[in-house]
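Position 163, counted from 1, in the sequence shown is what the working numbering calls 192; the numbers after and before it change by one each time, with no gaps.
Quick caveat, the hints were computed from the structure, so don't treat them as lab data. Owing to the predicted nature of the structure, the values given are computational and were not obtained by experimental measurement. Cβ coordinates follow ideal geometry from the N, Cα and C atoms, glycine included. Each hint should be verified, as a subset may be incorrect.
[To be verified] List time: in silico DSS-like cross-link candidates among lysine-lysine, alpha-carbon distance up to 30 Å:
id: 1; residue 1: LYS188; residue 2: LYS80
id: 2; residue 1: LYS182; residue 2: LYS196
id: 3; residue 1: LYS196; residue 2: LYS80
[Unchecked claim] What follows is a list of derived Cβ distance ranges for each label pair:
id: 4; residue 1: ARG195; residue 2: ASN124; range: 53 to 59 Å
id: 5; residue 1: PRO144; residue 2: PRO81; range: 25 to 31 Å
id: 6; residue 1: LYS196; residue 2: THR74; range: 40 to 46 Å
id: 7; residue 1: ARG90; residue 2: ARG195; range: 49 to 55 Å
id: 8; residue 1: PRO115; residue 2: GLU137; range: 20 to 26 Å
id: 9; residue 1: PRO154; residue 2: ARG75; range: 24 to 30 Å
id: 10; residue 1: GLN100; residue 2: GLY158; range: 37 to 43 Å
id: 11; residue 1: PRO115; residue 2: ALA152; range: 16 to 22 Å
id: 12; residue 1: SER133; residue 2: SER202; range: 50 to 56 Å
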Amino acid sequence: MQATKRMQIIVGALLLALAIGMLVTLLLLGERPITGGTRLTVRYTRVANLKPGAEVRFFGRRAGIVLGVVQPNDNQLARVELLLQPRYARRVWQNARIYITATSVIGERYVDIAPPAAAHDPAAPVREGQVLRGMDPPDLDAFFNRTYAVVTKVFALAKREGPAVRKLLGALSSLRTKVGALDLRQRLAESGGKLIVAARDIKLLRASLMHATDNGRAITRLRRDAEKLVERYAARLE
30 MQATKRMQII
40 VGALLLALAI
50 GMLVTLLLLG
60 ERPITGGTRL
70 TVRYTRVANL
80 KPGAEVRFFG
90 RRAGIVLGVV
100 QPNDNQLARV
110 ELLLQPRYAR
120 RVWQNARIYI
130 TATSVIGERY
140 VDIAPPAAAH
150 DPAAPVREGQ
160 VLRGMDPPDL
170 DAFFNRTYAV
180 VTKVFALAKR
190 EGPAVRKLLG
200 ALSSLRTKVG
210 ALDLRQRLAE
220 SGGKLIVAAR
230 DIKLLRASLM
240 HATDNGRAIT
250 RLRRDAEKLV
260 ERYAARLE
């Protein structure tokens with residue numbers, strides 16, 4: 030009985046020591062929430078889908094967070110607001126290279142701080158409220174970012190406009206069937222003027238398509254115009 034009780038005490042003491050050791054390890058090596066620090070503003074030509082709350086890393090360690098991202102509508106540079114932990118802010122130089130990067134092409138974006146180029150000596154540490162110029166991503170990264178943004182918009186548009194697009198495709202299929210059943214030679218002789226009007230309408234539709242680009246409302250409006258055009262010429266072929 031005494032031996033069993035002694036064993037329980039030993040096991041309990043070992044578990045308590047293990048728990049304390051893990052807690053100390055987490056406090057010493059883990060990344061604690063940022064409760065204060067140095068605020069910086071970094072300016073970029075493009076922000077590559079960076080979101081507020083993203084990590085700021087320094088030599089692979091979590092050194093801060095992204096407080097906000099402001100992308101102006103004009104040709105001005107985008108602003109990224111950073112908050113650095115005090116122990117890292119003292120080691121970040123004013124001429125450090127500050128990138129927006131990701132672990133993969135479609136991975137979460139984060140800010141990575143690297144030392145200055147080898148040809149430059151480290152400058153003074155950054156100061157509270159300082160505005161720095163970040164390193165814009167290379168053209169290949171910009172291409173991937175634009176591709177990712179376009180794919181995201183296409184999926185969102187397809188989800189929203191899916192039923193209407195299927196209806197339009199059905200109308201186009203029906204129109205093609207009707208055209209295939211016509212005596213085109215006779216129809217051309219009878220409808221020369223209508224073909225001129227049709228060519229004009231198609232030209233206007235093409236111009237609308239060229240200006241729609243990534244504007245969601247413009248694409249929706251274009252889809253509705255296409256539906257009306259198809260219905261109009263389908264009715265003329267009845």
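Cross-check of the supplied hints:
A C-alpha spacing of about 23 Å is found between LYS188 and LYS80, which places the hinted pair at or below 30 Å, so the restraint holds. Between LYS182 and LYS196 the alpha-carbon distance is near 21 Å, which keeps this suggested pair within the 30 Å criterion. Of the pairs offered as hints, the one joining LYS196 and LYS80 is violated, with about 37 Å between alpha carbons and a cut-off of 30 Å exceeded. In this structure the supplied range 53 to 59 Å holds for ARG195 paired with ASN124, their Cβ-Cβ distance being about 56 Å.
Between PRO144 and PRO81 the Cβ separation comes to about 26 Å, which falls inside the hinted range of 25 to 31 Å. Taking 40 to 46 Å as the suggested C-beta distance range, the pair LYS196 and THR74 conforms, at roughly 41 Å. Checked against the hint of 49 to 55 Å, the C-beta distance between ARG90 and ARG195 comes to roughly 50 Å, which is consistent with it. Restraint check, PRO115 to GLU137: a C-beta distance of roughly 25 Å satisfies the suggested window 20 to 26 Å.
With their beta carbons about 27 Å apart, PRO154 and ARG75 fall inside the hinted range of 24 to 30 Å. Take GLN100 and GLY158: their Cβ atoms lie about 21 Å apart, and the range 37 to 43 Å is violated. Here the CB-CB span from PRO115 to ALA152 is close to 19 Å, well matched to the stated 16 to 22 Å. For SER133 and SER202, the Cβ-Cβ distance of about 40 Å falls outside the hinted range of 50 to 56 Å, so the restraint is violated.
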